[in-house]
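Asker: Take a look at the letters that make up each chain.
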Amino acid sequence: MSLELRDIRKRFGPVQANDGVSLTVEAGELHGLLGENGAGKSTLMKILSGFYTADSGEIVLDGRTLDIRGPGDAIEAGIGMLHQDPLVFLPFTALDSFIAGSPGGFVIDRRQARKEMMELAERFGFDLDPNAPAREFTIGARQQLEIIRLLWLGARVLILDEPTTGISATQRERLFETLKQLASEGMSVIFVSHKLEEVEELCSRVTVLRQGRVTGERELPCPADELVELMFGKSVVIQTKEPVELGKPVLEVQHATLEDELVTVRDLSLSVREGEVVGLAGLEGSGQRALLRAAAGLLKPRSGTIRIDGRTPRTYHEFLDVGVHYLPAGRLEEGLLQGMTITEHFVLADESTPFFVDWDEAEQQAAEEIRAHFIKGRPDSNAEELSGGNQQRLLLAMLPDHLRLLLMQHPTRGLDIESAAWVWEQLLARRHDGTAIMFASSDLDELLMYSDRIAVFFSGEVIDILDARTATVEQLGYLIGGVRAAS
Amino acid sequence: MNFARRFASSLVAIVAALAVAIGLMLLVDAPPFEALKLLVEGSVGSDVKIADTFMAWAPLVLTSTGLIVTFAAGLWNIGVEGQVMAGAIAASWVARTVDGPVWLLIVLTMLAGMIGGALWALLAGVLKVYGRVNEIFGGLGLTFVAQALITYLVIGPWKRPGVASTSGTEPFPEHAWLPTLPGLRISLVAVGVALVAVIIIYFMLRGTRFGLRLKAVGKNSRSAYLLGIPTTRYMLAAFAIGGALAGLAGTIQATGFLHRLVPAVSGGYGYLGILVALLANSSTIWVPPVSFFFAMISVGSTQLQLRLNLDSSLGGVLQGVLVLFTLLAQGWQSRRIAREAAEASAAPPVKLVES
Ligand SMILES: Nc1ncnc2c1ncn2[C@@H]1O[C@H](COP(=O)(O)OP(=O)(O)OP(=O)(O)O)[C@@H](O)[C@H]1O
Ligand SMILES: [Mg+2]
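Residue numbers (this note's numbering), protein chains in the order written: chain A, 1 to 487; chain B, 1 to 355.
Think of the hints as simulated: they come from the structure by calculation, not from any bench. We put the CB at the ideal spot given by N, CA and C, even for glycine. All the pointers check out, no bait thrown in.
Some residues of chain A that are not near chain B, with every Cβ distance over 12 Å (derived):
#1 K115
#2 G233
#3 D445
Facing chain B, according to a computed beta carbon distance under 7 Å, are these residues of chain A, among others:
#4 E334
#5 G335
#6 L336
#7 L337
#8 G339
#9 M340
#10 L348
#11 F355
#12 F356
#13 V357
Based on the provided sequences and hints, a complete structural model is requested.
Answerer: Listed below in structure tokens is the structure:
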């Protein structure tokens, strides 16, 4: 089956998100889609999967022009989309979210559905408990659930919008194997990503978008520089981290036992000094998030102590007051406010806002912040109108100026190469202020490039703390899988 | 432009609701135009009627404005009816026990009513925040309790000497009545208080940090919490404000209109306020006009019973249908706006064609 997009256009108010995009994907082809933040990738994919209607253009599947008016039409035509943030019904169990979108009769044959779900899961080696509430799933597991659900509904074209951000390396490997297997069975796959290596590893062709237009289409392999040029219209230089003098400890965790929904971390001791960057590696749910949340005052340790600059704040607000800030991973779930404008976000984030808000001034300030952080959006854009990468920029722009301890989960999740480099430049600059940084990431390169030390978690335990200058990707990969270095 | 659109869609909804009401009247063999005329005459046909309508408008504006605050915080404060009653009880207690000049009693009864309503709302809030009882169920339960409390007071401790009936307490001493205009049943104090409440809440939600944070809590309390907003405190504050305004409505009902405590003291203005708040679509400035329209229907429909022998619940039907149609029109319009925004100035809108 071949899929063809012809001259797709889509405009949101003043933004021309897709400006005449054409694209062909053959049956069994793994097709990559690259482009900077806000290039229009998600918009194009949402048009294809029926979430948006194009202003003009055609979608042709196997020579037949489709009339897609909603996601239901798309999936009926065999087009399934995995979203940037998997749309799983969080309060439901895995089985119920699996069933929830299914067409067909009023009466659900749960036994049958469960059987089919388990069969599909087994076929791809996914370990999914049908009775567990979906909200307890890691992003990677939600994705697996969504993939088998789309297959179950009969998808023959699978769209994956940045599927690898926020999932573990093993989950990613599993995903890639699954996609290759599906492609070999004739499935057409469109794979949206910011990571060139991934696209090179997985795809056979790639299309690059920039400002709503196709800037090029290439067979892979193809030199990375060429793709970067197509994406940004220039080459991107990534600055290496300059060393700073480390000061006294800011965060001191001593013999802490931490317990969250996913894992129990026992007897954890770790400290982060002024100007230091500590990376947290490990499979999702191995304890990194628990540590970040505990250090932010969002999770009370069962035992042990957590000190910030020698003090022991108790509530989350006391942590905020001593200069701790936490940037969680779920952008629209915990971080941004749907239905509120960028201006309102900045006003809310600004501690010094007076009781009576001066909206004219606030709007001007927001416009300045938008410029300073290269956010694609206007002061009156709502948070959910921003592209994924720009939502992340907004969150980063909302950080207070002076911090003692910055805690982050996947800080560059969803950012294109250029933005990720830029964001790290900004974050690392904070070290000169004496800010200590601790971040969790599933991107091993990011961990190695920006950390001073890397703490590796495996099922609730820090099994090693590496010096990032000497550690290697392989070493890190083994440790994450629970294999201790032979010493 | 936005205003014009909104006005147009409201007009469509009103016409549609009227059409349904006319249909209903034809169904029960009542003369529809006669009835509508009575409705208008019965609510704004004379000074006395206009005064009565404003006296219904004041408490309705208060409950609706309070609900806009709780809705903004994402709280479905369905217990507002009970908060009106609690306010009325507290105000009645002051009116029955405190002696003093009229102005002092106005201040004291209103304060008491606000405190009573706020406490009752805070109960629902505490149940929600600490007891994890959904505010809808907590509120409904507390409304039953408030209703039972009034009945108990009226036939028990506060019963008229000699008679124990549910028809209400003795009238309050006259110094505890809200002063009314000569010959009319309207109290300018009540109308003024309602207007002031609208103005304060309007500016609070629009121009203050408090209002913005409240809205943030309503949009996504997790994000709001991470931003450092003390979400529980804000939720409780929203309950307290909504309850205080409902309590004021109860005070006006008790001391300004009925002059005693009766089981039906709330006049249904809590529930009606929910409809008004829905119609006003969380915008405070729309509360006074929408409330006036509803007050007209409520006051005018009593005439239907007197003159045409139609049950006055027809007014309620009209109000309910009106809300449904308006919500429909709003939903329809927001879809259209979204579509037009996307299509505006785009290339000639060509549909995806079927081959
Ligand atoms: N619902 C919407 N309303 C208004 N503007 C929108 C909407 N969706 C997307 N846009 C705008 O369209 C442009 C393209 O967004 P899109 O999400 O397609 O980018 P993207 O390529 O997926 O970027 P990212 O890599 O950051 O996810 C952006 O400028 C974005 O702000
Ligand atoms: Mg995107």
